[in-house]
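Asker: Going down the list, the protein sequences come from chains A and B. Residue numbers for the first sequence follow our numbering, so the first one is 1 and each next one is one higher. Residue numbers for the second sequence follow our numbering, so the first one is 1 and each next one is one higher.
In short, the hints are calculated from the structure, not lab data. The beta carbon of each residue, even a glycine, is placed where N, CA and C say it ideally should be.
Here are some chain B residues the structure puts well away from chain A; computed CB gaps all over 12 Å:
1) F158
2) T220
3) E338
Covered stretches of chain A, as calculated for chain B (at least 3 residues, CB under 8 Å):
4) 122-135
5) 266-272
Between beta-carbon pairs, the in silico distance windows are:
6) A:D229 / B:A132: 50 to 56 Å
7) A:A372 / B:T220: 32 to 38 Å
8) B:D264 / A:T114: 41 to 47 Å
9) B:A335 / A:D229: 44 to 50 Å
10) A:T114 / B:A396: 33 to 39 Å
Single-letter residue listing:
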Amino acid sequence: MTIVHGDSAIVDLPAEPTLAAASPLQPVRRVGGIDEYRSAGNGLRVLHAPWHAAPVAVLMLTYDVGSRHDPVGRKGMSHLLEHMMFKGSRAFDRRKRASILDLLPAVGAKVNATTWLDRTNYFDLVPIAELDLAAAIEADRMCDPLLDADDLEVERAIVLDEFDLRDGDPNERLAQAVWSAAFADHPYAVPVIGVREDILAISREDLREHHRRYCHPGNATLTIVGDLDTARVSAIVAAHFAGIPARGNADAHVPAPPTHPARRRVDVASSDAMPMVALAYPIPHGLHRDTDALELLALVLAGGMLSRLHADLVALGLAVAVSARVSRLRGPGLFEVQAAFDDAAAFDRVERALLAAVARIRAQGVDADELARVKGQARGQLLTSRDGPIAIAMQLNEAIAAGDWTSYATASERLAAVSTQDVQRVAALHLRDDAHVLARFVAGSGDAA
Amino acid sequence: MNAKPSFDRAPPRRAARDLALDCGRFVGMRFDESPLAALTGSFRTPRGDGRMALLQQLTTRLLGCGTVRRDRRSIADALERRGASLSFEAGTARIAFSALACADDLPMLAPLLAQCLREPRFDPEDVVRERAQLAAELRYAAQDPHMLASAVLSRRLFEAGHPHHEPSLEQRIDWLEALGVDDVRACHEALFGANELLVVALGGFDPSSCAVEFEQHLRTWRPPRRPITGTDAGAIPPRGETTRIPHSGSTSSSVLIGTRLTFDVADGVTAWLANRILGGSYASRLVASLRERQALTYSVRSELIDPQSDLDGLWRVAIALGEDKLERGIAATRAELERFADGDIATDELDRQRRAAIGALLVDAASLQGMGAFLLRNLERGAGVVHVDAFVEALAAVSTPQLQRVAAALQPARLETVIVGPEPEA
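Construct the entire structure; sequences and hints are all you get.
Answerer: Written out as structure tokens, the structure is:
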């Protein structure tokens, strides 16, 4: 089967019906050429996206655990656990030179993991012949990671190095200041990497409990994108995952909505950063129907040379670069607009221009041709951003994390359905002048808010 | 005796259209399963000093800003409406281009690319704007500790005038501000043309038709009138010294340890494999030792700029180190470099690394853009490889003595070290 991810006719059918009777997989549905199954014994969700252009595959496990699940006093635990998961598991012991990092890079695989606010994903892009090995390793570390005490000290030091690297990056500090101000009383306010004192305090027992609670089949999605058929997917699940005992269902807890500040200005100290202004508005969760119109609104504002902020700022030499983006999360997100410029005296002017561009859309909306252009842009970017199995897997990962993987497959159709009225409505409803965060750099070396 | 590596399952050997066109060489492959079109390519330009590099950089940025037939806005509209991208980049010896779009949009993309290459408009207002943007980017990059270390290392290894010598920020800004539209036009006329032009086209379309399209639009594009020559500027003999640059905003140090690499010690495939073994992959020695065993750093890698027959390359290790690990980290890196340069490369390690390299090749080429980059890199090296399995053959031919010869070129005692980070405590 050849599929075109994201722009095919969306059909909502039962998944592949040709499974052998002994298969552990129960078909759930097929959307956009991607099949969803459940592993009968333990609730593991399995997604199969066939992709046959090269003899490779991505195997990815997405766990519904991210920094928002980190306990108070242990901020950074999900990220530290992600690091520790590369230190070996019972059958793939680092001390026997048989860990994931001993075995998979040695066959050329790309092996990595990322932690974000709502989820952690572990992924292996492997030559197809090594897919079973990748599955065996992922299954083993789902069940029994070593989480060795000595390894913890080594990895804690590496994570603290990573912490310092990020802390030394003024752009990271600006972005974090925006999120901290916008989500003051919500877990999204805390950096994914955590808090230094908390990272130092995390124990092996803490990690074991965090792993036990969140890294189990009922809280995970196994995604396989690549050059294999349903029978092979079924065989991989049967051999490596179906026998893992159930440990409950997915963690359904979503924190209470944040109390967004009315208006907040944040100054971030930096002696050498390129001048930058960041403007952020609170928006609903990633699956909310308004999010698609907000995506297109971001393109109208800063989607290229024909965008409004490019015309208002870059073309006039007031800014070097502008950007706008929408975060699609399980909980509420932000609509962020940024402008970088060269003249440190231009802060106020740039700030006014950003606010004015948003106000103009609230008041006057967008015209039909402008919307048609950004819809074409969104459709094209959607397709071109899915070049290869790793790109497909990463986009599926974010859709899973937001709460519905089918949003990956329906994106093109949903964006096509947005009207000019929708864009003006969401601008008026969500990009409010009385509820935003404005952040910028100021000279100095300490933070000021 | 090297065992011949093999695929457990070979990638499909796609029918490649490898054509010598009037304007250059065209390699196309059809991917029926893909809805995309990925174009990439490059042509050769003369190397020069820092001013020449800057002029080529500015001229290249302006290629997409309007042609004699279409203004900047019209080009942006054609691309943005389709979610397509088209970009140009100036390198040390070649100007590269790349485009990505839906396959249905190829009929728009190929002629637009040809127009941008051949008939740029060079509107004076665009020149002023792009010059200001480039200056801002240079200033911004100069604040980044790694970029700063890179510039300082380039000046430690290469004399002023050498293409790899990066002049000071102030010097480059002065040069840039003096460049005008006449300079840009003259640069394009004298240096840009179908000189060793390479085009790689991959995706869900017929590559033969695509080749015809390119031939139609580029057939009369000729090589520039200025001959391609090397540069007389040379390399500075490395002295094994350490340069420390304080950087007020940093909480950790960016460290570069490097040397130049001459063409006579290595062909492209051998140097590529040697770099992978040293620090160019997660399965490398530096990652295993510094990160996994000693926990000295979050980030360590080795980087290689290929040497050419008429231009030395550069081999360097980049490490981010916290202040409490700075001395230990540098010492541990040097110890690994010494072990590597001593030629301590066992046959089983070579076999393991070769297997890893083959797998990495497969996974890197598992996208149109990845495959395009692989093919273009090989064509630029003159390897003529248009299939992954042919590259594997070349990899199989790399011997331990060849690798040892490359490794010995590191000369650890003469490696230059640059540290950019917080002021050391008194």
